[in-house]
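Enquirer: Throw the hints in and build the complete structure from the sequences for me.
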Amino acid sequence: MARTALVVGASGLVGSHVLRLLLENPAYDRVTVLARREVPLTHKKLTQRLIDFDRLAQLSDFPRVHDVFCCLGTTMKRAGSQDAFRKVDFTYVVELGRLAERHRATQFLVVTALGADPRSRVFYSRVKGETEAALRRLQLDAVLIFRPSFLLGSRPERRPAEWLLAVLSPLVAWVMVGPLARFRPIRAQAVARAMVRVAGQGPRGPQVYESNELRRLARA
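Count along the sequence shown from 1, add 27, and you get the number used in my numbering.
FYI, nobody ran anything at the bench for these hints, they're computed from the structure.
Every residue gets a Cβ at the ideal spot worked out from N, C-alpha and C, and that includes glycine.
It is possible that part of the hints are untrue.
Said to hold, decoys possible - With a straight-line Cα cutoff of 20 Å, these simulated EDC-like cross-link-like pairs (lysine to aspartate or glutamate) come out:
1. Lys114 - Asp81
2. Lys71 - Asp56
3. Lys114 - Asp79
4. Lys72 - Glu51
5. Lys114 - Glu157
6. Lys114 - Asp144
Said to hold, decoys possible - Pair by pair, the computed Cβ-Cβ distance ranges are:
7. Val66 - Arg91: 15 to 25 Å
8. Val149 - Ala29: 41 to 51 Å
9. Glu51 - Gln85: 30 to 40 Å
10. Glu65 - Arg146: 38 to 48 Å
11. Ile78 - Arg146: 30 to 40 Å
12. Arg91 - Arg163: 16 to 26 Å
13. Ser108 - Ala29: 38 to 48 Å
14. Asp144 - Pro67: 33 to 43 Å
15. Met28 - Thr102: 31 to 41 Å
16. Ala29 - Val66: 18 to 28 Å
Expert: Structure (structure tokens):
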């Protein structure tokens, strides 16, 4: 049976790859994007809907889909404050999960981050962990959590520190073996491939995929 998917965060580093992979995947016959602005892409399987995320919880005509891919996320620098960061990375994501639950989606696949922990002293990691905890409580067949390490890929804005790490990562990757393997930077496209592959496997319950596991799934 052909599947349907919803992608939120389709203009982002991981979400843009997820969208293209789903459009190329014959297992999906319809892909819907929810976004603030239209994604510059056309495809016979693609439907785009522009929404106000501040009113996401009031969205009455949420699309009925099998799989929801949530690739929403921001940075402290872009958000400008802890409250603004939390609104995107916690409030929007959890509200999306509740809508998926209410409209009987089967799977909710979400990108968080390496080190996500609701008890962390690091604000970023704590918010990611609190988001995961809230999503785990939803009554869905599957809540699939993907925790990449530092993401490599082409970004619209230049980030000097990230550019430097991307350049250096191949030089230090060889020492990141065993328990350190999960700290290796990972390409956004690999994360997207892992997400789409896991969706096709149809696991049940809450599942967590760490960065080294994402790398393996992307190669499978």
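Enquirer: Now look at each hint and say whether the structure bears it out.
Expert: Here is how each hint holds up against the structure:
1. Lys114 - Asp81: holds, 9 Å
2. Lys71 - Asp56: At roughly 9 Å apart (the allowed maximum being 20 Å), Asp56 and Lys71 satisfy the hint.
3. Lys114 - Asp79: holds, 13 Å
4. Lys72 - Glu51: holds, 9 Å
5. Lys114 - Glu157: Roughly 12 Å between the alpha carbons, so the hint for Lys114 and Glu157 holds.
6. Lys114 - Asp144: Holds, at about 18 Å.
7. Val66 - Arg91: 15 to 25 Å: For Arg91 against Val66, whose Cβ atoms are near 21 Å apart, the range 15 to 25 Å holds.
8. Val149 - Ala29: 41 to 51 Å: Holds - the Cβ-Cβ distance for Val149 and Ala29, about 42 Å, lies within 41 to 51 Å.
9. Glu51 - Gln85: 30 to 40 Å: Holds, since Glu51 and Gln85 (Cβ atoms, about 33 Å apart) stay within the stated range.
10. Glu65 - Arg146: 38 to 48 Å: Since Glu65 and Arg146 have Cβ atoms about 40 Å apart, the given range 38 to 48 Å holds.
11. Ile78 - Arg146: 30 to 40 Å: holds, 33 Å
12. Arg91 - Arg163: 16 to 26 Å: holds, 23 Å
13. Ser108 - Ala29: 38 to 48 Å: Given a distance of about 43 Å, which is inside 38 to 48 Å, the answer is holds.
14. Asp144 - Pro67: 33 to 43 Å: holds, 37 Å
15. Met28 - Thr102: 31 to 41 Å: holds, 39 Å
16. Ala29 - Val66: 18 to 28 Å: holds, 22 Å
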